[in-house]
Amino acid sequence: MDLTPLAAGLAMGLGGIGPGIGLGIGFSKAMEAIGRNPEASGTIFVPYILGLALTEAIGIYALVVSLIILFT
Amino acid sequence: MVHVEIAAEELFALGPLIVTNSMVGALLASIVLLLAARWFTRRAAVVPSRGQSILELPIEFLAGIVRSTGGKRWRQFAPLIFAIFLFVLIANWLSLLPGVGTIGLWHGEGEHRILVPFVRAGAADLNFTLGLALISFVAFIAFGLRANGLRGYLKELLVSEPAYMTPLLTPIHMISELSRVISLSMRLFGNVFAGEVLLATMLALTTATLLTLPLAFVVPGVFIMLELLFGLVQALVFALLSMTYITLAIAEHRQHGSDDHHSGEAPEQGTAAANGAA
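Chains S and Y, in that order, give the protein sequences. Okay, so the first sequence: first residue is 1 according to the numbering used here, each after it adds one. Okay, so the second sequence: first residue is 1001 according to the numbering used here, each after it adds one.
The set of hints was computed from the structure by calculation and includes no laboratory data. Keep in mind that this is a model prediction, so the values were computed, not measured. Some hints here could point you the wrong way.
To be verified - Looking from chain S toward chain Y, a few residues come up when the C-beta cut is under 7 Å (computed):
| id | residue |
| --- | --- |
| 1 | G26 |
| 2 | F27 |
| 3 | L50 |
| 4 | G51 |
| 5 | L63 |
| 6 | V64 |
| 7 | V65 |
| 8 | I69 |
Each residue gets a CB set at the ideal place from its N, CA and C atoms; glycine is no exception.
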């Protein structure tokens, strides 16, 4: 039995948990900050995008690993 | 169901140089940028026309960000950041045009027949993103060297604050510098490649049966809208991270220098004085 698709699915699914939680926390904090101080949305934007990118990179690693498992 | 090729497919070879379809996509993006730049510089006016305003829009947007977060020397590296942003943006958006990834030649026979498209998204090939990441890597090391000098740079890398931590921290510093290349390139490649696979999967799912065929006119469109957004965000992220690495490399020294001055009374007085004299 070929378990390769299962491995790819598990790699992506388990690898998506952490970044998902992290992105949610980051986004909720950014929204809270904008809600408290709407004028600061311009200054919050850039650090927010950077934090989002760094958090999301973990999920992208999982994606690349699962694609490599699946297609090579 | 969906044929996915991680490496870009080879189209033809010019001697030792193998031309892949991703290279064609990247070249197309360069040509579009060059034409836009030519058109823009020829007709540039102080009071912008409608087209000029549209072209100026992304530059103004990015210039505002770079000016506010790039520190004092933002003018030195702003062109590089703009170039990275525009190149990645155009390459990402070109890949959403109809025909990219779908028009090509059939290779192989029968069951193993695969379509090799003429044009593929530039960033859907790791070579493209790795090349850009290496440019960014060289840039932030070069800016660090220029701001700190070779001695300051090596000191930052090789000497840690409590001296006994040096054997532990120096490899960590080196790995963190090198991992920036990997994370920058993998992030862009993963996003764009996953976007391509996502679009192909959605098209394959909706055209699988006759019943779901009407959905094929709607569902991929929604995901193409999503990909437009992701293309912009990823271009922004790549450019902003490159900028952050460069500003970090420049700013490390200032902080370090002021530290030296504050601890000038401590045993390091000789070097602090030498720094002041230099």
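Which earlier hints can't be squared with this structure? Those not satisfied are hints 1, 2, 4, 7, 8.
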